[in-house]
Amino acid sequence: HNQPAYHIKNPQASFGTRIWDLSGQGNFIPNLDFSFAYNQSHSKGDFQYQDAQSLTQTRENAGKNSENYFLSTVWEKDKTTLRLSGQYYVAVNEMPGDTLQLNPLAKNYDYRGIYSLNYNQEIKRWWNIGANASYQRWLQKFYDPYSYIKVEADYLNHQSSFDFTNNFAFTP
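Under our numbering, read the sequence shown as residues 186 to 357, first letter to last.
In case anyone wonders, no lab produced these hints; they're calculated from the structure. Check before you lean on any hint, since a few could be wrong.
Stated by the list, open to error - Okay, derived cross-link-like pairs now, DSSO-like style, lysine-lysine, Cα gap no bigger than 30 Å in a straight line:
no. : residue 1 : residue 2
1   : Lys-309   : Lys-249
2   : Lys-249   : Lys-229
3   : Lys-194   : Lys-249
To be verified - Okay, the calculated beta carbon distance ranges per label pair:
no. : residue 1 : residue 2 : range
4   : Asn-303   : His-192   : 19 to 27 Å
5   : Gln-321   : Leu-240   : 41 to 49 Å
6   : Leu-267   : Lys-326   : 30 to 38 Å
7   : Thr-243   : Tyr-300   : 36 to 44 Å
8   : Trp-323   : Leu-240   : 38 to 46 Å
9   : Val-336   : Thr-243   : 19 to 27 Å
10  : Leu-217   : Leu-290   : 42 to 50 Å
11  : Phe-200   : Trp-312   : 23 to 31 Å
12  : Thr-243   : Ile-193   : 27 to 35 Å
13  : Gln-321   : Asn-224   : 13 to 21 Å
14  : Val-275   : Asn-317   : 19 to 27 Å
15  : Asn-195   : His-343   : 34 to 42 Å
16  : Asn-303   : Phe-200   : 38 to 46 Å
Even for Gly, the Cβ is constructed at its ideal location relative to N, Cα and C.
Generate the whole structure from the sequences, applying the supplied hints.
Right, here's the structure in full:
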């Protein structure tokens, strides 16, 4: 069982990058472990460079903002285990274009969700059964209003699964 623990971090980095990491875990209710994590990242991303005429330019629209959430619980009693977990991620990535064709508004949006439920039951010392169900969803959007032809594209994927296991361990 998890011992209660909590963590907070706030690192800073180049290009105006700031990150927050928060996490915790514990066994607050008998037989139930719990853990969570949160991450937020922000980067301005802009930087200066010398163009073909040796002029100092600023490359803008090069930042990234993202958030990531995770939650997990595990319930155990006697010889039964039930796990539930979920993760959700969202990001906005600015896309500056190349240095000869800067693009101040192009962006890529990324959304992801991953969720699972797991069950395991020991029937006998040599026999256990289990079931797993999961669902994943990915959505990406690309937006570029300055291109020769305005671009708005969405890509969506779903994936789900279910499996059942029946395990026997025969030893001499």
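Status of each hint after checking the structure:
no.: 1; hint: Lys-309 - Lys-249; result: violated (52 Å)
no.: 2; hint: Lys-249 - Lys-229; result: holds (7 Å)
no.: 3; hint: Lys-194 - Lys-249; result: holds (19 Å)
no.: 4; hint: Asn-303 - His-192: 19 to 27 Å; result: holds (25 Å)
no.: 5; hint: Gln-321 - Leu-240: 41 to 49 Å; result: holds (47 Å)
no.: 6; hint: Leu-267 - Lys-326: 30 to 38 Å; result: holds (35 Å)
no.: 7; hint: Thr-243 - Tyr-300: 36 to 44 Å; result: holds (41 Å)
no.: 8; hint: Trp-323 - Leu-240: 38 to 46 Å; result: holds (41 Å)
no.: 9; hint: Val-336 - Thr-243: 19 to 27 Å; result: holds (24 Å)
no.: 10; hint: Leu-217 - Leu-290: 42 to 50 Å; result: holds (47 Å)
no.: 11; hint: Phe-200 - Trp-312: 23 to 31 Å; result: violated (56 Å)
no.: 12; hint: Thr-243 - Ile-193: 27 to 35 Å; result: holds (33 Å)
no.: 13; hint: Gln-321 - Asn-224: 13 to 21 Å; result: holds (19 Å)
no.: 14; hint: Val-275 - Asn-317: 19 to 27 Å; result: holds (26 Å)
no.: 15; hint: Asn-195 - His-343: 34 to 42 Å; result: holds (35 Å)
no.: 16; hint: Asn-303 - Phe-200: 38 to 46 Å; result: holds (40 Å)
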